[in-house]
Amino acid sequence: MAKPTNDQYISPDYIQLARSNYENNKITYNKYIQYLEDAGINPKDLISDEEEVDVFAE
Numbered sequence: 818m819a820k821p822t823n824d825q826y827i828s829p830d831y832i833q834l835a836r837s838n839y840e841n842n843k844i845t846y847n848k849y850i851q852y853l854e855d856a857g858i859n860p861k862d863l864i865s866d867e868e869e870v871d872v873f874a875e
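Using the numbering used here, the first residue of the sequence shown is number 818, and each one after it goes up by one.
Accuracy of the hints is not assured; some may be wrong.
[Claimed, not checked] Derived SDA-like pairs: lysine to any residue, alpha-carbon spacing no greater than 25 angstroms straight-line:
| id | residue 1 | residue 2 |
| --- | --- | --- |
| 1 | K861 | Y849 |
| 2 | K843 | D862 |
| 3 | K848 | P829 |
| 4 | K861 | I844 |
If you are wondering where the hints come from, they were derived from the structure by calculation, not from laboratory data.
Please put together the full structure from these sequences, using the hints given.
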């Protein structure tokens with residue numbers, strides 16, 4: 818997966834692909850976190866203290 822540049826729009830498909838790859842054990846957790854960070858997302862923002870947040874819910 819190509820690392821997006823700061824001026825690129827981050828496609829939800831990029832994040833979905835990273836999540837899918839992680840869930841299917843194609844990439845490690847650390848690599849998944851790196852993809853999120855590359856996309857400008859703080860992984861801590863995706864998880865609440867009480868429950869995991871579904872970032873793909875509409």
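### Query
Any hints this thing doesn't respect? Which numbers, in order?
Those not satisfied: there are none.
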